[in-house]
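There are 2 protein chains.
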Amino acid sequence: MNDPFHPADIRALVFDVFGTVVDWRGGVIRDGAALSAAKGIAVDWPAFADAWRAGYQPAMQRARAGEIAWTNIDGLHRNILDELLPRFGLEALTEDERDHLNRVWHRLDPWPDVLAGLRRLKSRFTISTLSNGNVSLLVDMAKHGRLPWDCVLSAELFQHYKPDPEVYLGAARLLGVRPAQLLMVAAHPSDLEAAARAGLPTAYVPRPLEFGLGSELRDPPGDRHFDLVAIDFGELALLLGA
Amino acid sequence: MNDPFHPADIRALVFDVFGTVVDWRGGVIRDGAALSAAKGIAVDWPAFADAWRAGYQPAMQRARAGEIAWTNIDGLHRNILDELLPRFGLEALTEDERDHLNRVWHRLDPWPDVLAGLRRLKSRFTISTLSNGNVSLLVDMAKHGRLPWDCVLSAELFQHYKPDPEVYLGAARLLGVRPAQLLMVAAHPSDLEAAARAGLPTAYVPRPLEFGLGSELRDPPGDRHFDLVAIDFGELALLLGA
Numbered sequence: 113m114n115d116p117f118h119p120a121d122i123r124a125l126v127f128d129v130f131g132t133v134v135d136w137r138g139g140v141i142r143d144g145a146a147l148s149a150a151k152g153i154a155v156d157w158p159a160f161a162d163a164w165r166a167g168y169q170p171a172m173q174r175a176r177a178g179e180i181a182w183t184n185i186d187g188l189h190r191n192i193l194d195e196l197l198p199r200f201g202l203e204a205l206t207e208d209e210r211d212h213l214n215r216v217w218h219r220l221d222p223w224p225d226v227l228a229g230l231r232r233l234k235s236r237f238t239i240s241t242l243s244n245g246n247v248s249l250l251v252d253m254a255k256h257g258r259l260p261w262d263c264v265l266s267a268e269l270f271q272h273y274k275p276d277p278e279v280y281l282g283a284a285r286l287l288g289v290r291p292a293q294l295l296m297v298a299a300h301p302s303d304l305e306a307a308a309r310a311g312l313p314t315a316y317v318p319r320p321l322e323f324g325l326g327s328e329l330r331d332p333p334g335d336r337h338f339d340l341v342a343i344d345f346g347e348l349a350l351l352l353g354a
Numbered sequence: 113m114n115d116p117f118h119p120a121d122i123r124a125l126v127f128d129v130f131g132t133v134v135d136w137r138g139g140v141i142r143d144g145a146a147l148s149a150a151k152g153i154a155v156d157w158p159a160f161a162d163a164w165r166a167g168y169q170p171a172m173q174r175a176r177a178g179e180i181a182w183t184n185i186d187g188l189h190r191n192i193l194d195e196l197l198p199r200f201g202l203e204a205l206t207e208d209e210r211d212h213l214n215r216v217w218h219r220l221d222p223w224p225d226v227l228a229g230l231r232r233l234k235s236r237f238t239i240s241t242l243s244n245g246n247v248s249l250l251v252d253m254a255k256h257g258r259l260p261w262d263c264v265l266s267a268e269l270f271q272h273y274k275p276d277p278e279v280y281l282g283a284a285r286l287l288g289v290r291p292a293q294l295l296m297v298a299a300h301p302s303d304l305e306a307a308a309r310a311g312l313p314t315a316y317v318p319r320p321l322e323f324g325l326g327s328e329l330r331d332p333p334g335d336r337h338f339d340l341v342a343i344d345f346g347e348l349a350l351l352l353g354a
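One line per chain: the protein sequences are P and R, in this order. Quick note on numbering: the first sequence equals residues 113 to 354 in my numbering. Quick note on numbering: the second sequence equals residues 113 to 354 in my numbering.
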C-alpha cells in the first residue's frame, strides 16, 4: 500500500499509449481497408487487428524470459505480422508492403478527447509517454497525431517491458522525480497495478471502445484501487486542477 | 570521410543544446544578478558563469575515465558549484539556495532565432536534443522556453558523454534512422567532428555571443569541413528546404 494520494504532490504524468492514448484497433482496420481497396483483396480486418494485438503479450514474454534477444516493438510486431499474413490470405505482400503495414502502429490516431486534455495537462505538469512501443514509433505517432509530449519515454530505454518495475522506476529517475510524484495513466488495470507496486500513484481512464463497439473490457477493473478514475483526459485534467 | 552529403537523405536533426540552442552564460548571469539583488551581495557573475562552465569538461572527463561513478550533469554542475561558491564569497548560501542556483541550467533561454527556426524544421523533420544535459534538465528547459522538440535525447540514456561515439550512434538507433540520415547541429566544431566520425552529417551554426559580446570563439572552426554552415536556425531551415 502506497502513501495516501495527494494531487498536490504530482509533478509529472506518464501515459500508457496503445489503447489509452491511441485507437490501435481502428487504425489497423482503417489502413487495412485502404490496402484491401488498393489490391482488391477482401480481408476481415477487425479479426486481423485483434489477432495481431493478441500476439503481442506472448512476444514480449519471450523477450522478457530471454527466449529471444531483446527486440523492440517494431521487431515484435513484424514477427507476428509475418506469421499472420498467410492466415488472412496476404502472403503475397511484398517486403515494402509488409514494412508499410507494420508501421501502421506509427500512424495511429488519438481518441477524440486526447489532444485537448493533454494540452491542459501540459500547462501544469510534465507529460510523457511510458509505453512498450519503441522511441521512433512513439515519435512518429506524436508527429502524426500532434501529441504534445514533453518527453518520449519507452520500455526500449530500459531494456525491460512493462509491467517490469524497471520501466516505472526508470521513468521517475529520468524525469528527476520521486515515484510518488509521478502519476501513471492507463486504460489497463494491470499496468496501473504494476506502477503502484513500484510506488507510483495511478489514474484509470477506461477505454470501452478499445476492442470495438459493444466489446467487453479485456482487463476489467473489478474492485481494484486507483488513486484517480476519469472518463477521459478532459476529466483527468479537471481532477488535477489543470 | 563520409559519403557525399545529400540534403534529401536527412530524416531527423539532433541538436547540441548548451551554447547552440540556449544562452547558458546570459542565463547564469541573469539569475545570478537576481540573487545578488535579493541578498545584497556583489558578485562578478560573468566570471562566475565562465568558471562554472570551465569546470564542466574536466568533470565529464573524470566520469568518462571512470575516476568517479557515472554522474548526470545536475550532479556534475552541483559538484563544481560547491567548489566555486567560496571563491566568489557565496559560501553562506543555504542548501535550498544552492539547489535553486544549480537548476539555473534548467531555466536557460533560447537564442532569439531558435523558436521560429525549430518550428520550421519540425514541420519537415524529426527534431531532438542530443545533449550532455540530463533528461529532466532538458525537459524543464523545453517547458521553460517552449522548445518544440519531438524527442528529448541525452547522453544520460547511453551512460556516455559526447564526444563518445555511443551517443551519436545511440541517437540514430533510437530514432530508427541510419547515421547518414541524422544531421548533427552544433555551435562547436569538436562536437561535429565526433558526430562525423560516427557517420553523421553535420551542420555548423556558430554562436559568437556564447562567451559574451566581443569574445573569441573558444572552438574556432579553422579549416574543418561541415556539410552545412548556417548563421542561425532560420538559415538552417532555409538550406534544408523547411
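No lab work stands behind these hints, which were simulated from the structure alone. In this text, all values refer to a predicted model and were calculated from it rather than measured experimentally. Even for Gly, the Cβ is constructed at its ideal location relative to N, Cα and C. A couple of the hints might just be wrong.
[Stated by the list, open to error] Take a look, some chain R residues computed to stay more than 12 Å from chain P by CB distance:
id : residue
1  : Gly167
2  : Ile192
3  : Ser248
4  : Ala254
5  : Asp262
6  : Pro301
[As the list claims (entries may be wrong)] Derived Cβ-Cβ restraints for the label pairs, each shown as a range:
id : chain 1 : residue 1 : chain 2 : residue 2 : range
7  : P       : Arg236    : R       : His212    : 40 to 48 Å
8  : R       : Arg174    : P       : Gln271    : 20 to 28 Å
9  : P       : Gly178    : R       : Pro320    : 21 to 29 Å
10 : P       : Asp211    : R       : Ala150    : 52 to 60 Å
11 : R       : Leu325    : P       : Val341    : 26 to 34 Å
12 : R       : Gly152    : P       : Arg290    : 30 to 38 Å
13 : R       : Ala163    : P       : Arg231    : 54 to 62 Å
14 : P       : Gly152    : R       : Arg176    : 41 to 49 Å
15 : R       : Ala150    : P       : His212    : 54 to 62 Å
16 : P       : Leu350    : R       : Arg330    : 31 to 39 Å
17 : R       : Arg199    : P       : Arg236    : 34 to 42 Å
18 : R       : Pro198    : P       : Asp211    : 53 to 61 Å
19 : R       : Gly178    : P       : Gly178    : 23 to 31 Å
20 : P       : Asn191    : R       : Ala163    : 31 to 39 Å
Numbers of unmet hints, in rising order: 3, 4, 5, 7, 9, 11, 13, 14, 16, 20
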